[in-house]
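S.K.: Each chain, written out:
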Amino acid sequence: MADKRSLRESATFPAEVLAEIHRAADQGIYDIRGFGAKRKVPTFDDLLFLGASMSRYPLEGYREKCATNVTLGTRFAKNPIELDIPITIAGMSFGALGANAKESLGRAATMMGTSTTTGDGGMTSEERESSKTLVYQVLPSRYGLNPDDLRRADALEVVVGQGAKPGGGGMLLGQKITERVAEMRDLPEGIDQRSACRHPDWTGPDDLAIKIRELREITDYQVPIYIKVGASRVTYDIALAVKAGADVVVVDGMQAGTAATQDVFIEHAGIPTLPAVRLAVEALTELDMHRKVQLIVSGGIRNGADAAKALALGADAVSIGSAAMVALGCNRDIYREDYEALGTQPGYCHHCHTGACPVGVATQKPDLEARLQPEQGARWLRNYLTTMVLEMQTLARACGKSHVRNLEPDDLVALTIEAAAMARIPLAGTNWIPGSN
Amino acid sequence: MKAFDLDSGRLRDLNAYLHGNPTRAVTINNPNGRHSIAVGVDADVNIAVNGHVGYYCGGMNQRATIAINGNAGPGVAENIMSGKVEVFGNASQYAGASAHGGTLVVHGDASARCGISIKGVDIIVNGNVGHMSAFMAQKGHLVVCGDAGDHLGDSMYEAIVYVRGRVGELGADCIIKDMTPDHTDKLGALLKSAGLDHDPKEFRRYGSARKLYNFNIDHADSY
Numbered sequence: 002m003a004d005k006r007s008l009r010e011s012a013t014f015p016a017e018v019l020a021e022i023h024r025a026a027d028q029g030i031y032d033i034r035g036f037g038a039k040r041k042v043p044t045f046d047d048l049l050f051l052g053a054s055m056s057r058y059p060l061e062g063y064r065e066k067c068a069t070n071v072t073l074g075t076r077f078a079k080n081p082i083e084l085d086i087p088i089t090i091a092g093m094s095f096g097a098l099g100a101n102a103k104e105s106l107g108r109a110a111t112m113m114g115t116s117t118t119t120g121d122g123g124m125t126s127e128e129r130e131s132s133k134t135l136v137y138q139v140l141p142s143r144y145g146l147n148p149d150d151l152r153r154a155d156a157l158e159v160v161v162g163q164g165a166k167p168g169g170g171g172m173l174l175g176q177k178i179t180e181r182v183a184e185m186r187d188l189p190e191g192i193d194q195r196s197a198c199r200h201p202d203w204t205g206p207d208d209l210a211i212k213i214r215e216l217r218e219i220t221d222y223q224v225p226i227y228i229k230v231g232a233s234r235v236t237y238d239i240a241l242a243v244k245a246g247a248d249v250v251v252v253d254g255m256q257a258g259t260a261a262t263q264d265v266f267i268e269h270a271g272i273p274t275l276p277a278v279r280l281a282v283e284a285l286t287e288l289d290m291h292r293k294v295q296l297i298v299s300g301g302i303r304n305g306a307d308a309a310k311a312l313a314l315g316a317d318a319v320s321i322g323s324a325a326m327v328a329l330g331c332n333r334d335i336y337r338e339d340y341e342a343l344g345t346q347p348g349y350c351h352h353c354h355t356g357a358c359p360v361g362v363a364t365q366k367p368d369l370e371a372r373l374q375p376e377q378g379a380r381w382l383r384n385y386l387t388t389m390v391l392e393m394q395t396l397a398r399a400c401g402k403s404h405v406r407n408l409e410p411d412d413l414v415a416l417t418i419e420a421a422a423m424a425r426i427p428l429a430g431t432n433w434i435p436g437s438n
Numbered sequence: 013m014k015a016f017d018l019d020s021g022r023l024r025d026l027n028a029y030l031h032g033n034p035t036r037a038v039t040i041n042n043p044n045g046r047h048s049i050a051v052g053v054d055a056d057v058n059i060a061v062n063g064h065v066g067y068y069c070g071g072m073n074q075r076a077t078i079a080i081n082g083n084a085g086p087g088v089a090e091n092i093m094s095g096k097v098e099v100f101g102n103a104s105q106y107a108g109a110s111a112h113g114g115t116l117v118v119h120g121d122a123s124a125r126c127g128i129s130i131k132g133v134d135i136i137v138n139g140n141v142g143h144m145s146a147f148m149a150q151k152g153h154l155v156v157c158g159d160a161g162d163h164l165g166d167s168m169y170e171a172i173v174y175v176r177g178r179v180g181e182l183g184a185d186c187i188i189k190d191m192t193p194d195h196t197d198k199l200g201a202l203l204k205s206a207g208l209d210h211d212p213k214e215f216r217r218y219g220s221a222r223k224l225y226n227f228n229i230d231h232a233d234s235y
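If you read the sequences in order, they're chains A and B. For my numbering, add 1 to where a residue sits in the first sequence, where the first one is 1. For my numbering, add 12 to where a residue sits in the second sequence, where the first one is 1.
These are computed hints drawn from the structure, not numbers from a lab. None of these values were measured; they are calculated from a predicted model. Warning: the hint list may mix true and false statements.
One-sided excerpt, in silico: chain A residues whose CB lies under 10 Å from chain B [what the hints assert, rightly or not]:
(1) Gly-29
(2) Val-42
(3) Ala-197
(4) Ile-211
(5) Arg-214
(6) Thr-220
(7) Tyr-222
Every residue, glycine too, gets a C-beta built ideally from N, C-alpha and C.
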């Protein structure tokens, strides 16, 4: 029998670190995967709502109205976006996702009165036709970017960065560059596609202001323009985005997902969504732009509680990406043999980059894509969004709010010192905010 | 013919007019370095801009023929889809950035990152181009009748670069390639379309070595 002292695992070199070093020695390249950060970080789970009691009046569930609508893009656009719910679908590329997944997203968003967002592959006909409100991304790659699609869009989103890899460019591995994807991106089939990390025709915020003016001229000032940043130096980035002329700013925390990024990037760059929200709100408030330039927060939003807490901290809306994929079937416990063929199991899969998605979401292979039919996918996502909204309303009514946007920091307490410091919310049972008082 | 004077008129009115149903010929006077002149045009119209322009003149152009009788600021003809933009002076950085089609002609020099990320345009520069030109160029042509700066064609895909003068250090995965008769004919047509009479045989062809299309540890130094 082995001596138990010999079976003590190293905290510095646990099994998964040993395996990664062996893999790096074999392959000589960083590990690339999908999904978001798996490490434990302070999240919205570390905040709690203070439901009404004697000192506050709650609203009656199901009877007293709790509204959820939001208007985005009121600063400059002739046609701001009116959404029925403050939850949007984040940008995910056709290429990373299959056409059925994009159509599912569009159909569900339309049913729920919210928006979807294109991604690094450009606008597909499936998405434009299925999505009543579509945000068109302007990315460093400019794959498929064209003025006709700019004018067909309901809003534009200039992507400076994303939470999974702030400072990094996009990536789509060769196995997902099919004929259709290659044609849309003007690339040869089967190559490992790497998007640039900087835009090709502007460099800093002063240039960006001119670029945004160009986009407004091309679209005749009709639609709002968002600026999306990965959460890192949020205070400066939001201030510069406002100065550059954004109607809406989107802040994407480090828990945000991706279809293919270096693991080192996913796990070791950016800041969590929890402090990112607070920093963004403070930056907007300091400029007297809070609520005038709307704030959308994304990165690890999983349920109505997360969304409600983001709004309570001052966001106008949240955006979901990974969670929407999960609603479409990602990591669902079916087709186990296909997960095992990838070397994983349902509940652990992050193999979006392989193009062999067992549930047909992040794939271009027709036989796999057929496993996700848009009608079913749309139903699943609609149900999930409905649940999120009901959860938000439940919490908002309990706090006495007739509109979810009326949730406020005063409705929250923190469970941990880290969360209290990051969100500038007092530790439960105290009035202590570490770093503030 | 319709004339606009940007010293007395608004840029917004100009672009709104061009986005509507413009006449076949439009003249724009006193651009005075303004940005976003004649952007997003989608019409068969000949536009003459008399003076220097700022950023993005002719951006996302479709079908129109735009002549800039002066210098052009950064991003001239960025993302042009079709039609032609012709700069009779010099062009600043990112000329023709991410352009999908049509033709961009620069009779003077172009600056750094000329033809960055192009996706099908033909760019002909009668003078020199700066460093990092044709960076990540995917499809289309860049013709340089003068010299090219360092890191030409870095991380290119399938675009083709022709250079007549000196070339600085080549970019990652960019190599010199043979000029076949087809290439010579194609180059001749490009030069003719720009109104230039240089001999195609004086040019060299550059393109991607295609070693970075899929990761290979033996080429890791190039990243």
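S.K.: Run the structure past the numbered hints and jot down the numbers of the failing ones, going up.
M.R.: Violated: hint 2 alone.
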